[in-house]
Every structure is written in C-alpha cells, then in structure tokens.
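Student: Next come the chains, spelled out residue by residue.
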Amino acid sequence: QKEVEQNSGPLSVPEGAIASLNCTYSDRGSQSFFWYRQYSGKSPELIMFIYSNGDKEDGRFTAQLNKASQYVSLLIRDSQPSDSATYLCAVNRGDAGKSTFGDGTTLTVKP
Amino acid sequence: GAVVSQHPSRVICKSGTSVKIECRSLDFQATTMFWYRQFPKQSLMLMATSNEGSKATYEQGVEKDKFLINHASLTLSTLTVTSAHPEDSSFYICSAHGTSGGFYNEQFFGPGTRLTVL
Chain A
21 QKEVEQNSGP
31 LSVPEGAIAS
41 LNCTYSDRGS
51 QSFFWYRQYS
61 GKSPELIMFI
71 YSNGDKEDGR
81 FTAQLNKASQ
91 YVSLLIRDSQ
101 PSDSATYLCA
111 VNRGDAGKST
121 FGDGTTLTVK
131 P
Chain B
10 GAVVSQHPSR
20 VICKSGTSVK
30 IECRSLDFQA
40 TTMFWYRQFP
50 KQSLMLMATS
60 NEGSKATYEQ
70 GVEKDKFLIN
80 HASLTLSTLT
90 VTSAHPEDSS
100 FYICSAHGTS
110 GGFYNEQFFG
120 PGTRLTVL
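Chains as they are written, first to last, in the working numbering: chain A, 21 to 131; chain B, 10 to 127.
These are calculated hints, taken from the structure and not from any lab test.
Since we're looking at a predicted model, the values are computed, not measured.
Cβ coordinates follow ideal geometry from the N, Cα and C atoms, glycine included.
Check the hints yourself; a few may be wrong.
[Unchecked claim] Using C-beta positions, here's what the derived DEER-type ranges look like:
hint: 1; chain 1: A; residue 1: 87; chain 2: B; residue 2: 21; range: 43 to 53 Å
hint: 2; chain 1: A; residue 1: 88; chain 2: B; residue 2: 125; range: 18 to 28 Å
hint: 3; chain 1: A; residue 1: 88; chain 2: B; residue 2: 26; range: 47 to 57 Å
hint: 4; chain 1: A; residue 1: 74; chain 2: B; residue 2: 18; range: 17 to 27 Å
hint: 5; chain 1: B; residue 1: 16; chain 2: A; residue 2: 114; range: 29 to 39 Å
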C-alpha cells in the first residue's frame, strides 16, 4: 500500500462544473497536507495547504481534511480549461520539511 | 510565495560528460533542499535530501557517487550528474523548505532542468 494514494484518472469534467480530487494517506502522524498543480512539462506549484480538520477555501479552490478518515480532498469550482493539469497531493509529518507525494490525478476540463 | 530558481533550464550533453545543476532560493534561506527526477508521464521521484553544511541523504536505489549533491550555503544547492548516460535523460527538479519560506513545511519548487544525454 502506498503512503499517499490518489486516483490516477484521467478525470474529465465539463467547463463550469465542480472537479473533485481525492487523496488518502496511511501515516496517522501526518500534520500538514498540500495540493500542488503540475502542468505538462512544468514543475509543481503549490496551490493549497491545510492542517486542521474541516474546509479551507481560496477562491475557486476548497481543500477538505478529515484526519479520522485519513482523507484529504480538493474541490475546484467553476472549472476552466486552464485547470487541466495533474494535481499532486502531499503529506508531511512536520519534520524537516520532507513530504510524501502521491502519484497525482490528471484532470481534463473540456470546453 | 517563496521563489526558487534553477539553472540551466535545459541542457544537452554528450554521453560520459558531467553536468551541474544549480538550485537557488531567492528570497528566503533554505535549510533543506530536495532533488527530484521525473520521467515523462511518471510521478515525482525523490532522489535526495540535502541540508546546509552536511552530507545529503539519498533515497534507496540512488547512486550517491553518480549524483553528487552539495549544499554549501543556505541559498544554494547543486546537483552534479557525473558520467551522464542516455538513461539519465530526465526532468530534474529541486525544491526548498526554509525557516521563513514555509511555515507548514510546504516545499517550493524550482522550474526544473531538462537534461538530454546524447
């Protein structure tokens, strides 16, 4: 079992719809949770982080964390074609910055 | 957010030569830097973790004598691919975590270096 699991996709949604990306993790000692977006041929960029249970909203993005279920998700509202990318989930125990990354979910938003 | 630069962005070299890639944190001090490799359509693979002033910690299966890492200052880490071969062709990405650049242990990624070995 991988430490961080994501559906590989591809996940396809129509423009304007809500895209839901899911991630589960195995280490109950994880403290911080991150979502990165990676466009094809580019390096990852941080789009959201969350560290307490519940929802955290930033513009069209909402991160949700449930530590009891070891589950973190990312919702993208009003999806745009420019959101088409691979989304990486990462978790961190809080020690020296080393995070464990999932393999990523590829999202395609169709016009 | 914190800014991390990498140089060069793209390099083509002949088989058997060595290539050095620089990673710099521009607006914060990076106590820890990470080096990743990513092959086309594959996930990030952590190669090593480097801390300023100490030896790098390599992940299992990564040859430390082939991938030399130096983290001599709080803003600069270098990765040298020695005696490069075509199978080393990949996208190399560094990331940094610092005392002032990441409050929740987030990592900030450089733009990556695409290495092609002929």
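Student: Any of the earlier hints contradicted here, and which numbers?
Tutor: When the structure is compared with the hints, numbers 2, 4 turn out to be violated.
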